[in-house]
Amino acid sequence: MDSSDHQQYGVKSEGVDFGYKKLRCLNSQNIFDDKGICYGFKLRKGNTHSSVDGPEMLYQALSKIPKEIKKQFMADSAYSTMEIYNTCLNQSCNFVICLKENVWTSILTKNKKHIKWHKTKLQFLNHQTVRLARAYIH
Numbered sequence: 001m002d003s004s005d006h007q008q009y010g011v012k013s014e015g016v017d018f019g020y021k022k023l024r025c026l027n028s029q030n031i032f033d034d035k036g037i038c039y040g041f042k043l044r045k046g047n048t049h050s051s052v053d054g055p056e057m058l059y060q061a062l063s064k065i066p067k068e069i070k071k072q073f074m075a076d077s078a079y080s081t082m083e084i085y086n087t088c089l090n091q092s093c094n095f096v097i098c099l100k101e102n103v104w105t106s107i108l109t110k111n112k113k114h115i116k117w118h119k120t121k122l123q124f125l126n127h128q129t130v131r132l133a134r135a136y137i138h
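Numbering follows our numbering, with no gaps: position 98 of the sequence shown is 98.
Incorrect hints may appear among the rest.
Below 27 Å or equal to it, Euclidean Cα-Cα: the simulated DSS-like pairs (lysine-lysine) are [claimed, not checked]: (1) Lys22 - Lys35; (2) Lys42 - Lys22; (3) Lys35 - Lys71; (4) Lys64 - Lys42.
Since the hints were made in silico from the structure, they are not lab data. No experiment lies behind these values; they were computed from the predicted model shown.
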């Protein structure tokens, strides 16, 4: 799932506004699968935040997929909301969503001497694939 700005050049176009990249645009929200099949598309005003109506579109897309098919969802940090997380969890969908910030860095740095690391299957991904372990603070 992602949203995209579509630059507009008309003077009196309905819904055109300054978007994320400070261009006069309309915005679309789309959800595709790995084969390129579109499960949702909505054209919106140019200044619409990416996550607006995201949980509803995601729910509609996931609910169309049979339960026996393994579902996976990937999105950028605009979709890192509790509503999106809950939609994925309630629809038995695995998900990878980039986070807006790492709130654990200061805590991990401060308690570095007291942390014992254990391997886990949980993976956190950024621009480089990084596997992290689970930490216990003693």
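Among the hints numbered above, which are violated by the structure, and what are their numbers in rising order?
-> The structure breaks only hint 1.
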